[in-house]
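With the sequences and hints as input, model every part of the structure.
Chains A and B, in that order, are what the protein sequence lines are. What the first sequence shows, in our numbering, is residues 303 to 508, in sequence order. What the second sequence shows, in our numbering, is residues 303 to 508, in sequence order.
Check before you lean on any hint, since a few could be wrong.
Using C-beta positions, here's what the derived DEER-type ranges look like [to be verified]:
| id | chain 1 | residue 1 | chain 2 | residue 2 | range |
| --- | --- | --- | --- | --- | --- |
| 1 | B | 343 | A | 340 | 27 to 35 Å |
| 2 | B | 354 | A | 449 | 51 to 59 Å |
| 3 | B | 492 | A | 418 | 50 to 58 Å |
| 4 | A | 361 | B | 349 | 32 to 40 Å |
| 5 | A | 428 | B | 316 | 26 to 34 Å |
| 6 | A | 428 | B | 349 | 46 to 54 Å |
| 7 | B | 421 | A | 400 | 44 to 52 Å |
| 8 | A | 471 | B | 385 | 36 to 44 Å |
| 9 | B | 339 | A | 418 | 27 to 35 Å |
| 10 | A | 337 | B | 358 | 23 to 31 Å |
| 11 | B | 337 | A | 340 | 45 to 53 Å |
| 12 | A | 471 | B | 359 | 16 to 24 Å |
One-sided excerpt, in silico: chain B residues whose CB lies under 8 Å from chain A [what the hints assert, rightly or not]:
| id | residue |
| --- | --- |
| 13 | 315 |
| 14 | 316 |
| 15 | 447 |
| 16 | 448 |
| 17 | 454 |
| 18 | 461 |
| 19 | 462 |
| 20 | 463 |
| 21 | 464 |
| 22 | 465 |
| 23 | 470 |
| 24 | 474 |
| 25 | 475 |
| 26 | 479 |
| 27 | 484 |
| 28 | 487 |
Derived from the structure by calculation, the hints contain no laboratory data. Note that CB positions come from ideal geometry on N, CA and C, so glycine has one too.
Number of protein chains: 2
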Amino acid sequence: MGAGTKPLRADAARNRDKLLAAATQVFGERGLDAPLEEIARRAGVSIGTLYNHFPTRDTFFAAIFPDRLAALDRVIESALADADPWHGLESFLSGLFAVQARDRGLNDAVVREYRLALDASGVCQNGFEQAMEIFERAKRAGRLRADFEAEDLVTLVWAVSQVIRETIDTAPDTWRRCLTLFLDGLRARPEPETTPATPHPGAGPG
Amino acid sequence: MGAGTKPLRADAARNRDKLLAAATQVFGERGLDAPLEEIARRAGVSIGTLYNHFPTRDTFFAAIFPDRLAALDRVIESALADADPWHGLESFLSGLFAVQARDRGLNDAVVREYRLALDASGVCQNGFEQAMEIFERAKRAGRLRADFEAEDLVTLVWAVSQVIRETIDTAPDTWRRCLTLFLDGLRARPEPETTPATPHPGAGPG
DNA sequence: CCTGAATTTGAGGGCTGCCTCAACTTTCTG
DNA sequence: CAGAAAGTTGAGGCAGCCCTCAAATTCAGG
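Set out below in structure tokens:
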């Protein structure tokens, strides 16, 4: 698995790059269901060429997202390196959702990967289990509710992904508020301070 | 506005009823984006007839959902009638989401209405404000976090609606778990008991 | 420069869904 | 029961998106 692929002709390589760039852009703007013809158009290449290089939508995903999702590994690592398990957990979720909120394609991709991970069939199995370790650690430290499970992480991602989808254009920080609610709950707490400070993001119309 | 509408011919009235029944069914199964031609097919009526009676998708919604959404007013009422403001709040959310989880169309419709209500343009303004009163009451009683706002209710509905969408076929009670997390938060609590008893619904594979 | 192989092209066929309208059928009224 | 009004029909036009393939083009090596 090194140089098993024959070198592409110059123009082909150029087109492939243009396609990948366009796809990244289009998926980012429109999500994973974006029309492939839009990608070809934006790449300045015919639809036939697109299918030459990427016979299916999934080949696009495979070319684009693994790297970008792997970037989340660093978020996980740094969360696990945090001395405070709860703070690590918070920073993992913030980091994850911040990435999702920057790109509709990534938002969809994360949902997809986590769903697959739960079915025990994902490529991302690895990343998911690493992420769960963040939660297990916080649990052991008595900071995370004891009944938290892998399903809950997936549920959390589903929930927040939709908040991101709904607000990405008009109030793209709303997910922070949602995360605060998830972390602290709706119930009033004895202590006046809950999470340091995550007030409402600028969602107000007036 | 009483009998301003000329009486429909017998066959027309029959078809209208068939269309409404079919639409209710189809929207329920497929959500508000379901193809209108499927509705005509299931009603045993031509697509032309469908457009005769309901020139736009919205006229369908207007004919179907107001009543069903109004059924939620009873949920709200009974929540407000609850002696315990927090328990009322819980029962409102449970009631709302239970309704959403039973019908994809209603799930979509609730999301739509709440979004509009926030834009101050919804028909449902009324119901939304009534719902908010549940939260205000719980706040006054010191049971709900003091910074809860209307935006948070909408966010909550967005979040849970997605969990419902993702799980409605395979584990339709998952939203309960999501609600528990919202109510109590992820953080471990000093008291051992949080919410009476909402363990994981039967989502586990094994 | 020439040639063969690699690559690109884009018209076109297929599908689904939206919507219209001229021709046809049914109901109602006198 | 006839005629007019009301209602129904479904083919067909439009649009978006998917995907294919024969013909045309471009590249790379001799």
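Exercise for the section: Just pull the numbers of the violated hints for me, sorted ascending. Expected result: When the structure is compared with the hints, numbers 3, 5, 7, 11, 13, 14, 23, 24, 25 turn out to be violated.
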